[in-house]
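> As they're listed, the protein sequences go chains A and B.
Numbering follows the numbering used here, with no gaps: position 39 of the first sequence is 39.
Numbering follows the numbering used here, with no gaps: position 16 of the second sequence is 16.
Honestly, the hints are just simulated from the structure, not real lab data.
Some hints could be false.
Unchecked claim - With the Cβ distance kept under 7 angstroms, some of the chain B side facing chain A (calculated, not the full set):
hint, residue
1, Ser46
2, Ile52
3, Asn159
4, Tyr161
5, Phe175
6, Asp181
7, Ser184
8, Gly189
9, Gly193
10, Leu194
Since we're looking at a predicted model, the values are computed, not measured.
Idealized CB from N, CA, C, for every residue including glycine.
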Amino acid sequence: MKYIILVALLISAASMAFCQIDEAEEELAEYYMGGDREVGGFLHIKYQSGDIYNDVDGSGKLTVDDILDLGYFPIDKLSIGAMVKLGIWKTGLESSINTAIGPRIDYYIPYRIGSGYPYLHVGSLFATYEATDSKETHYEFGLGYSVPVNEYVSIVSLLYYSMDEIELVEATIVENGSRIGLRFGIKSYHF
Amino acid sequence: MLKHLFLLNLMIFFGFSIAAAQNMGSLQLEKEEPPFQKGTIDLGGSFSFESISGDAYEDIDGNGATRISFAPDVGYFVMDKMSVGGLLRFDSESIGDTSSQDLFIGPRVNYYLRNDNHFRHFYGQFSILYRAYSSDSVNDLSGNWFKIQFGPGIQSFWNKYVSWNALVYVSMDQFTPEDGDSLSGMEMGLRLGLSTYIF
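Only chain A is shown next, with the shape it has when bound in the complex (with noise of 0.2 angstroms):
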């Protein structure tokens, strides 16, 4: 039931784009051009110490946590980007690395609902975990709603249906699972 809603989601979404993509061509213009960048993310470091935070050796933690999102539009309305997550943690004990990569497509559609245009989305990572011994592999796709704020900022969201595969190696398992999600955030555009 839920892959025949968002199908249908996405190819109603798409029938209305390609039947009027004329009469928001013009407004369209001035967002989202090719040689266009964008970007997103954050890289956060932290030392903890003290009785809250020290292992039983005593010693602190050092946390690290990195999302980097790029994209680059070759040509008019199409952005081709990548994801890349990083979670680093250390005590005096263990430390475990964490990493997820993947690329992403995004195309907006020249047709303007409200103040924003709609876009699709199709993306996939890779991730490992050290801890778990584990990787996680995401396949997913969406239909999403950007709302230009200035030429340089959108608000964004995004519906979407992502199919994931777990493998816990030492234990040669492989699990499946999949989620339907939704996105609100910011993103930011470089001319």
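Let chain A serve as the given structure and place chain B on it in line with the hints.
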């Protein structure tokens, strides 16, 4: 391996900051208004909702999980150079009969040393955060937390509305478990991220 990844991180982020700064030569001239004026809104944050299912995620009774994460960061310049805002982060996960909630909330004040068209600005931040954590399965974090954070930061604009910012902070933390004595701790950190402004 750990050191290499750590250094790679720093290189990527500082590389972007330097690249952005190099692009500011022409943008300085285009800026007509200083960025930290009374009435400006600074905006950030995210929201996500996920419903997950399948062997990989379900519990032994076959229940899927629901995750919600809400982290807005909004500030308002009550006067030139001073932004007052709120920090809020809420994470929730539930699987069958078990659930956990993690809430951070508190005010923050940013004060910028100057308000002109220069692309790089120094500022100071002060915030008080309250954290409430509860979980049906992990009890050692359940209780009330207070964090007092402060530190200097630098913002590097790459266009009129977007800047990279870096904040070095110190946090003094106090944790009172639901059934125990108060514990204290300290956190030192570096945050790099993006800020956006609406005039």
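> All hints, please: hold or fail.
Hint-by-hint comparison with the structure:
1. Ser46: Since chain A brings a Cβ to about 4 angstroms from Ser46 (chain B), closer than 7 angstroms, the hint holds.
2. Ile52: holds (4 angstroms)
3. Asn159: holds (5 angstroms)
4. Tyr161: This interface hint holds because 5 angstroms falls under the 7 angstroms limit.
5. Phe175: holds (5 angstroms)
6. Asp181: Violated: closest Cβ of chain A sits about 10 angstroms from Asp181 (chain B), beyond 7 angstroms.
7. Ser184: holds (5 angstroms)
8. Gly189: holds (3 angstroms)
9. Gly193: Hint holds; Gly193 (chain B) Cβ to chain A Cβ min 4 angstroms, cut 7 angstroms.
10. Leu194: This hint holds: Leu194 (chain B) lies near chain A, its Cβ roughly 6 angstroms from the closest one there, short of 7 angstroms.
In summary, the one numbered hint that this structure violates is 6.
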